[in-house]
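Peer 1: Sequence:
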Amino acid sequence: MVRTMATEHVVAHIRLPRALRARLKVLAARRETSLRRLATEAFEALLDSENEPAGRGEQAAPRNERSSSA
Numbered sequence: 001m002v003r004t005m006a007t008e009h010v011v012a013h014i015r016l017p018r019a020l021r022a023r024l025k026v027l028a029a030r031r032e033t034s035l036r037r038l039a040t041e042a043f044e045a046l047l048d049s050e051n052e053p054a055g056r057g058e059q060a061a062p063r064n065e066r067s068s069s070a
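Counting with my numbering, you get residues 1 to 70 for the letters of the sequence shown.
Since the hints were derived computationally from the structure, they do not count as laboratory data.
A portion of the hints provided could be inaccurate.
To be verified - Pair ranges (Cβ atoms, derived):
id, residue 1, residue 2, range
1, P53, A19, 16 to 24 Å
2, P53, A22, 34 to 42 Å
3, K25, L46, 18 to 26 Å
4, P53, E32, 17 to 25 Å
5, L16, P53, 12 to 20 Å
6, V26, P53, 29 to 37 Å
7, N51, I14, 18 to 26 Å
8, L47, R21, 14 to 22 Å
C-beta: ideal position from N, C-alpha, C; glycine also.
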């Protein structure tokens with residue numbers, strides 16, 4: 001992905017709780033990849049999901065109609 005260099009820099013500075021970091025290390029070891037690479041892939045997937053349109057049959061509601069607290 002084109003964003004890899006930029007997202008690697010951002011991911012390198014994200015602080016994680018120890019328990020989450022330990023679990024990510026185990027997952028990275030199982031996938032035979034580095035913790036940084038795993039975090040970068042997750043961050044890129046999050047960015048991609050934010051840029052995708054709504055799911056099947058769903059339409060995103062206009063901002064002023066999304067949630068009304070009445």
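Peer 1: The hint says 34 to 42 Å between P53 and A22; measuring C-beta to C-beta, is that right?
Peer 2: Given a distance of about 36 Å, which is inside 34 to 42 Å, the answer is holds.
Peer 1: A range of 29 to 37 Å was offered for this pair. Does it hold for the Cβ distance of V26 and P53?
Peer 2: holds, 34 Å
Peer 1: Holds or violated: 14 to 22 Å for the Cβ distance of L47 and R21?
Peer 2: Check passed, 21 Å falls within 14 to 22 Å.
Peer 1: For P53 and A19, compare the CB-CB distance with the range 16 to 24 Å and indicate the outcome.
Peer 2: The hinted range 16 to 24 Å is violated for P53 and A19, with Cβ atoms some 35 Å apart.
Peer 1: P53 and E32, beta-carbon distance inside 17 to 25 Å?
Peer 2: violated, 34 Å
Peer 1: Falls inside 12 to 20 Å, the C-beta gap from L16 to P53?
Peer 2: About 30 Å separates the Cβ atoms of L16 and P53, which means 12 to 20 Å is violated.
Peer 1: 18 to 26 Å was suggested as the range; check whether the CB atoms of N51 and I14 agree with it.
Peer 2: holds, 20 Å
Peer 1: Is 18 to 26 Å right for how far apart the beta carbons of K25 and L46 are?
Peer 2: holds, 20 Å
Checked against the numbered hints above, the structure violates hints 1, 4 and 5; every other hint is satisfied.
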